[in-house]
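Participant: Sequence:
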Amino acid sequence: MGEALKGYSWQKNAYLETEMLNATPLIEVWRGEFLESQHRGHAVVCNFEGEIIEAWGDPEHVILPRSSCKILQALPLVTSGAAAAQGLTARHLALACASHQGADIHSQLVLDWLGQLGKTDADFRCGTQWPRDIPASNHLVKTDQSACRYHNNCSGKHCGFLTLAQHLRAGPEYHEVDHPVQIAVRAAFEEMTGETSPGYGIDGCSAPNWACSIAGLARAMARCAAGGADPLGKAASQLRDAMMAHPELVAGETRACTELMRAAPGVALKTGAEAVFIAIIPGLRAGIAVKIEDGATRASEALIAALLIRLGVLEADHPAALKRLGPIHNWDGLQTGQISALL
Numbered sequence: 001m002g003e004a005l006k007g008y009s010w011q012k013n014a015y016l017e018t019e020m021l022n023a024t025p026l027i028e029v030w031r032g033e034f035l036e037s038q039h040r041g042h043a044v045v046c047n048f049e050g051e052i053i054e055a056w057g058d059p060e061h062v063i064l065p066r067s068s069c070k071i072l073q074a075l076p077l078v079t080s081g082a083a084a085a086q087g088l089t090a091r092h093l094a095l096a097c098a099s100h101q102g103a104d105i106h107s108q109l110v111l112d113w114l115g116q117l118g119k120t121d122a123d124f125r126c127g128t129q130w131p132r133d134i135p136a137s138n139h140l141v142k143t144d145q146s147a148c149r150y151h152n153n154c155s156g157k158h159c160g161f162l163t164l165a166q167h168l169r170a171g172p173e174y175h176e177v178d179h180p181v182q183i184a185v186r187a188a189f190e191e192m193t194g195e196t197s198p199g200y201g202i203d204g205c206s207a208p209n210w211a212c213s214i215a216g217l218a219r220a221m222a223r224c225a226a227g228g229a230d231p232l233g234k235a236a237s238q239l240r241d242a243m244m245a246h247p248e249l250v251a252g253e254t255r256a257c258t259e260l261m262r263a264a265p266g267v268a269l270k271t272g273a274e275a276v277f278i279a280i281i282p283g284l285r286a287g288i289a290v291k292i293e294d295g296a297t298r299a300s301e302a303l304i305a306a307l308l309i310r311l312g313v314l315e316a317d318h319p320a321a322l323k324r325l326g327p328i329h330n331w332d333g334l335q336t337g338q339i340s341a342l343l
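What the sequence shown shows, in the working numbering, is residues 1 to 343, in sequence order.
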């Protein structure tokens, strides 16, 4: 074994011993009388003062929030004055916080936004992604077209980055960690989480993704819920309200973010890769952050639904809730089991 690999193995084992083993069982999947699967993880609920109201697992567990923190990455777009100068609407701001699926409703708005900026698909640094939306995907296949960067689920966020870069008269490589856009993103991220980030990873869209504790992420979302008179508070309120007004732009049809926001009006929700999920609840001035240890999306969706039910902002028998947390049916409609939360 090479020295580099030995070092990696040691670091990995140390991480498992000090961090991941602090996770707690949170989601169970039953088939009949048999416990078929169990998902461990962490969850934190914070109030607007940054205090932890409830927690499971380790609140100080450090994670990469992935796309769950897009509202934080969009803050400089608003606080800089770039959004106002460009005349961006709530629909643009919702898309800046989105992980959309490349449906026409998403792609057309991205293309229109690019046109406003005088930019093209080639100016994106997010990479090409095949649309997850079935009609959009089928259209590309039937017309023998290739996917473009504007189909990327993060293209709305990158429109925001391009807008900010143009406003700052900065260079085209807006995704690089030392670019003024990403410096502004990090400053906003650390201010909202109340933490100095220990580092970053490069996300699927090539932008830096800053690490924080789960408590820090929940604290940031509670600040978004409370808003405030300061520039970050005002910007957070504007972005949060845009997400709630346009849940169809934040994700898309059949997606958890969109369906659960429709089921729980007045709540902003955002998923992230590797089973991270956040909730912003203005009515309670509270924020939630969850992370499932094994990266299973079904578990993070079930857990966020369970927490919304626990806090009284989602009806337990709503179809959007039951789709993530409740009876499991097979292809013939027979109930075969149950997915439940251990809260």
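If you're looking for bench data, these hints aren't it; they were derived computationally from the structure.
Backbone N, C-alpha and C fix where the C-beta goes; we use that ideal spot for every residue, glycine too.
A couple of the hints might just be wrong.
Stated by the list, open to error - As a list, the in silico SDA-like pairs of lysine to any residue whose alpha-carbon atoms are at most 25 Å apart:
| hint | residue 1 | residue 2 |
| --- | --- | --- |
| 1 | K119 | A90 |
| 2 | K323 | T24 |
| 3 | K323 | T254 |
| 4 | K234 | I202 |
Unchecked claim - Derived CB-CB ranges, DEER-like:
| hint | residue 1 | residue 2 | range |
| --- | --- | --- | --- |
| 5 | D317 | G266 | 11 to 21 Å |
| 6 | G266 | V141 | 13 to 23 Å |
| 7 | G115 | E173 | 19 to 29 Å |
| 8 | A187 | S340 | 32 to 42 Å |
| 9 | V141 | R310 | 17 to 27 Å |
| 10 | P25 | E191 | 19 to 29 Å |
Participant: It remains to establish, for every hint, whether it holds in the given structure.
Facilitator: Outcome of the hint check:
no., hint, result
1, K119 - A90, "holds, 21 Å"
2, K323 - T24, "holds, 23 Å"
3, K323 - T254, "holds, 10 Å"
4, K234 - I202, "violated, 28 Å"
5, D317 - G266: 11 to 21 Å, "holds, 19 Å"
6, G266 - V141: 13 to 23 Å, "violated, 39 Å"
7, G115 - E173: 19 to 29 Å, "holds, 22 Å"
8, A187 - S340: 32 to 42 Å, "holds, 41 Å"
9, V141 - R310: 17 to 27 Å, "violated, 43 Å"
10, P25 - E191: 19 to 29 Å, "violated, 34 Å"
Consistency with the previously given hints fails for numbers 4, 6, 9 and 10, ordered from lowest to highest.
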